[in-house]
Each structure stands twice: as structure tokens, then as C-alpha cells.
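Protein chains: 2
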Amino acid sequence: MEKQILKVVKIGGKLIEDENKLREFLKDFCALPFPKILVHGGGTMATKLAEKLGYETKMVDGRRITDANSMKVITMVYGGLINKNIIAKLQAIGTNALGLCGADAGTIISKRREIKEVDFGFVGDIERVNTGFISSTLQQNITPVFSAISYDGRGELLNTNGDSVAAEIAKAMAGIYDVELFYCFEKKGVLTDVENDESVIEDIDEQLYRQLLNRGIISEGMLPKLQNCFEALNNGVSKIFLGDSNLLKKNAIHTKIVK
Amino acid sequence: MEKQILKVVKIGGKLIEDENKLREFLKDFCALPFPKILVHGGGTMATKLAEKLGYETKMVDGRRITDANSMKVITMVYGGLINKNIIAKLQAIGTNALGLCGADAGTIISKRREIKEVDFGFVGDIERVNTGFISSTLQQNITPVFSAISYDGRGELLNTNGDSVAAEIAKAMAGIYDVELFYCFEKKGVLTDVENDESVIEDIDEQLYRQLLNRGIISEGMLPKLQNCFEALNNGVSKIFLGDSNLLKKNAIHTKIVK
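In order, the protein sequence lines correspond to chains A and B.
Under this note's numbering, the first residue of the first sequence is numbered 1, with each subsequent residue one higher.
Under this note's numbering, the first residue of the second sequence is numbered 260, with each subsequent residue one higher.
To be clear, the hints were calculated from the coordinates, so they are not data collected in a lab.
Hints may be right or wrong, so weigh each one.
In silico lysine-lysine, PhoX-like type, Cα no more than 20 Å apart, as pairs [said to hold, decoys possible]: (1) K249(A) to K3(A); (2) K259(A) to K27(A); (3) K21(A) to K239(A); (4) K286(B) to K509(B); (5) K311(B) to K273(B); (6) K280(B) to K508(B); (7) K48(A) to K311(B); (8) K52(A) to K286(B); (9) K307(B) to K48(A); (10) K239(A) to K259(A); (11) K273(B) to K52(A); (12) K249(A) to K259(A).
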């Protein structure tokens with residue numbers, strides 16, 4: 001029997017902060033056929049709250065350190081403010097949504113990142129996604145909405161990269177569904193010229209990816225995203241789409257990635 | 260066939276703020292036989308965050324007004340910080356918990372309180388508890404943990420009295436289960452003398468309640484709590500227990516209320 005298609009959609013922080021874009025995006029998400037899953041972070045909303053509270057944002061080599069205060073802020077902003085407002089908005093337009101972080105029903109277990117040169121603090125790398133509860137939720141026609149928080153199984157919540165949360169959920173669900181992964185971010189897709197928003201590469205497969213890599217065309221910011229994409233494709237995800245807040249609309253310009 | 264017992268437990272804000280008491284309480288909650296549901300508010304933690312953010316707490320006739328900023332704070336503190344940390348802690352000690360606000364899976368629909376003399380802002384009075392998702396969660400051996408937030412079905416989250424959330428869930432679930440309701444607050448139970456913590460009335464039924472009312476023995480703070488209790492008992496809840504953070508322990512002093 002053919003597997004049912006499951007769409008896993010990640011929205012980036014900048015999209016969440018723009019109330020009009022978010023409203024429009026949620027309408028598009030609502031119009032997607034069931035089953036589907038939404039994943040969100042919170043980005044600069046957390047940074048802004050931390051600033052207001054007088055918490056210092058610590059960076060090492062350009063990377064953020066999640067200390068105890070930062071983790072509190074992330075739990076408030078991602079797990080509370082953003083997640084619950086998205087749920088209320090989706091409910092109002094006809095999507096029966098359920099807000100989750102990785103601790104809820106034990107869905108996403110991660111391991112606190114080991115301290116090598118840098119102690120990143122409360123940051124987790126995902127070890128396991130428990131599909132049981134997610135599947136039963138989907139079977140009840142309920143749409144899970146995950147904030148980018150996981151937990152270590154020993155009582156600690158951990159800040160976790162939103163792209164990775166989406167990819168790991170997609171990979172874990174690929175055993176049950178034909179999974180398509182959508183990344184909505186600031187750009188219309190993978191660009192040949194970072195300065196030119198219209199230079200979207202419409203289709204990328206592994207062969208073209210290697211060529212682009214060799215020719216140095218992929219920008220540094222896109223590298224981990226694309227690495228994640230091929231890792232997901234090599235682990236059962238069938239298609240990946242990259243684009244901006246219009247990605248879920250029909251005929252929107254985007255990049256499609258397949259193996 | 261006899262109905263299975265379901266315990267609905269409400270913990271008060273002051274208990275949540277005391278880390279040691281909370282840890283001990285969660286251990287006791289974890290030891291309760293399944294099925295069970297936890298309900299929490301957040302009380303002064305929200306007030307403290309609002310103060311830190313420079314938001315004014317507006318009061319009219321001694322009652323708090325939930326303006327847009329207060330509602331944001333409540334969503335962050337109740338729905339995020341407190342709820343998700345309780346979930347992570349319960350998971351660590353063996354309770355497969357799921358954090359919910361009333362918008363999640365459309366569980367608790369309320370109506371924004373009408374503006375009469377006072378506009379209370381984003382405050383909701385519960386209209387309906389949808390038992391379907393709660394029941395299916397319990398059937399999967401998962402323990403729902405509700406923050407005291409509901410939603411109006413039109414996109415707004417609403418601040419909702421935690422005691423009422425617990426009572427309305429208890430009443431709604433009474434059709435399916437033999438429901439026992441537990442209120443853990445600062446006192447050991449209903450006291451004959453507010454100044455004397457040891458003056459706990461161990462058993463109250465409707466007859467004694469009327470006598471105590473007539474004799475003016477019930478303190479003003481306890482009146483709405485007891486009114487809620489009898490309303491719940493008149494709507495199918497079988498027993499109610501009132502006590503402090505030790506209420507879930509065997510042999511703890513408490514007040515038991517029956518019809």
C-alpha cells in the first residue's frame with residue numbers, strides 16, 4: 001500500500017515576528033491537506049526579551065551560549081508565548097492544533113552537548129524522536145506544533161536547533177509516512193547569487209549539490225541547511241522544499257531538493 | 260460496571276515558587292495511581308516578571324486586570340516556563356506528562372468576561388471542556404498537565420482562574436470517570452480559625468457547610484473556593500480534598516468535602 005503524505009513544515013524566527021506574514025502563513029498552512037506538522041523557533045523575540053530583562057547574551061566564536069537565564073527566556077518565548085498563540089490562531093481558522101515541546105509526552109529526547117573547548121550550556125542534540133504519540137495525534141486529525149525545545153530525560157529542557165527538530169521529526173516519521181519537509185526562511189530558496197533574491201535554483205539533487213559545493217556557489221549560511229537536507233533525504237525523507245513565507249502557496253518560487 | 264477513579268489535582272502558585280516543595284509535591288503526584296490530571300497557575304511569578312519588564316499591574320476593586328501585556332506574561336510564565344518545566348521534571352521521575360493550555364487540541368473554550376462596570380481584559384469564563392482529547396490522552400497512559408489558560412475559539416488566549424479550570428475539567432470528566440478533585444494551597448484545609456493553622460475541619464458536607472456559613476465561620480478567602488466545591492459536587496464530582504503541599508501524602512491532615 002502506498003504511504004500517505006505527511007508534510008513537516010519549519011518556520012523561521014523572522015517570519016514569526018512579522019504579524020501579517022505570520023497570519024498569511026498560518027492561513028496557507030491551514031489550507032495544506034492533512035496530515036501535517038509545524039515546527040517553529042523564536043529567534044530574536046527571545047533575544048529581545050532577554051535584553052529587556054537585562055540578561056547578557058553570551059557568544060563564543062559567533063555562537064550563542066544558552067545559560068540558565070537564556071533557557072528560561074527560550075522556554076517562555078518559544079514554549080509559551082509563540083507556541084500557544086500559534087495554537088489559538090490555528091484553532092480559530094479550523095486547524096485543530098496541539099502545542100508541544102520535546103518534553104511533552106516524551107516526544108524528543110536529546111543529549112546535552114558535550115563540553116569540549118566551549119560549554120554551550122543548555123543546548124541539546126537530538127537522540128530520539130518517539131513517534132508513538134505523534135502518530136496517535138495525527139490519527140485523531142490533530143496537528144502537532146513543536147517549539148524548538150527538547151529534553152534530556154533527566155529533568156532538563158534543552159534549546160535545540162529548529163531546523164534539526166524538523167529534520168529529525170521528518171526522518172522518524174518517514175517509517176510511517178511519505179514525508180515532505182518544508183523550510184520557510186527569509187530567502188526564496190537556494191540562490192546562486194546571495195545578493196540577488198531572484199537567482200533561485202529550482203531543483204537540486206545530490207549531483208548538482210556536489211557541483212555547487214565544488215564551484216563554491218553555496219553560501220556559508222546555506223551550507224549546514226543543505227547538509228541537513230541531504231542527511232534527511234538519505235534517511236527516508238522523500239522531498240524537501242526551501243523558500244520564503246510564501247512557500248506553502250501554489251506556484252511560489254522555491255528550491256526543491258531530492259536525492 | 261464501576262467507573263475508574265480519576266484524580267484531578269490543582270496546585271497553587273505559592274507552592275510552585277518553592278523549588279523544594281514543588282519537587283516533593285511532584286514526587287507525591289507521580290506516586291498517585293493512574294489516571295490523573297494536574298492543573299497549575301503561576302501567581303506571583305507572573306507578577307514578578309511583569310514588574311521586571313516594567314508592566315504596570317492594574318487593579319480595580321482589588322481585582323487584577325489582564326491587559327494585553329499581562330496576557331503575554333501569563334502565556335510566557337504559565338504556558339511556557341512553569342508548564343514545560345513541570346513536564347520535564349515529571350518525565351524524569353516516571354510520569355509521562357503532556358503540557359496543555361486550553362487552546363491545545365481545543366480542550367477548554369471560554370468566553371471573554373463581559374464588560375459591565377469593569378473591563379477585566381483578557382479574562383475568560385469557561386464554557387466547555389472537550390473531553391475527547393483528554394480521554395484519549397489518559398487512555399495512552401499519558402498525564403495531562405494544564406496551565407490556567409483557556410481560549411475563545413476566535414484566536415485569543417484568555418487568563419482563567421486555576422481553581423475553575425480544575426473544577427470544570429473534573430465536572431466534564433465525571434461523565435466518564437469517578438472524579439476526585441484535590442486543591443493544594445497554602446492552608447492545611449478549611450479552618451475554623453484563620454489564625455490557627457491546626458483548626459482544620461476534617462469533613463464538610465452540605466449541611467455543615469450551611470451551618471458554617473450561617474455562623475460566619477468560613478473566611479472570605481475560602482468562600483468562592485467552597486462555593487466552587489459544592490457546585491462541582493452537584494455536577495458529578497464525587498469527593499473533594501483541600502490541603503497544603505502535603506495533601507497527596509497518605510495521612511496528611513486535610514479537609515474532605517462530600518455532598
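Tell me the numbers of any earlier hints that the structure contravenes, in ascending order. The structure conflicts with hints 1, 2, 3, 8, 11 and 12, although it agrees with all the remaining ones.
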